[in-house]
Amino acid sequence: MVTDKLDRGLPGGVETFAHSFCVTAANVRTLFLIIRSLLPDFAPKTIVTDEAACFCNSYRVVFPNMNTRLHYCRFHIIQSWRKKTKQLVEVRTPL
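Read left to right, the sequence shown gives residues 1 to 95 (full-length UniProt numbering).
Because the hints were derived from the structure by calculation, they are not lab data. Built from N, CA and C at the ideal position, the CB exists for glycine as well. Misleading hints may appear alongside valid ones.
[Stated by the list, open to error] Pairwise CB distance ranges (calculated):
1) Val-23 / Ala-43: 23 to 31 Å
2) Ser-37 / Val-89: 45 to 53 Å
3) Cys-73 / Ala-25: 31 to 39 Å
4) Leu-38 / Arg-82: 32 to 40 Å
5) Lys-86 / Arg-36: 35 to 43 Å
Model the full assembly from the supplied sequences, consistent with the hints where possible.
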């Protein structure tokens, strides 16, 4: 749930929209355009997303004057860190 200063929010179903398609900048932009049309006064303080640049970039295109803080999800950061660390350790470990 993402809420604004009036405690209005979008349910987790919005995430389902984003994951039901191939995640492209165009699809994410469409998602934010729908949100803007449904909630024209919606102004979240913070958005947490995965590391896909298309989310942050599309948000800034659709809501260019927002002061929303965009953060990466801790789970996805740790997941990427572990994957990259494993790759580096495997590369450097002699057989």
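Quick rundown of the hints versus the structure:
A hinted range of 23 to 31 Å for the beta carbons of Val-23 and Ala-43 is consistent with their spacing of about 24 Å. Taking 45 to 53 Å as the suggested C-beta distance range, the pair Ser-37 and Val-89 conforms, at roughly 48 Å. For the hinted restraint 31 to 39 Å between Cys-73 and Ala-25, the CB-CB distance of approximately 19 Å leaves it violated. At about 37 Å, the CB distance of Leu-38 to Arg-82 agrees with the hint of 32 to 40 Å.
Taking 35 to 43 Å as the suggested C-beta distance range, the pair Lys-86 and Arg-36 conforms, at roughly 40 Å.
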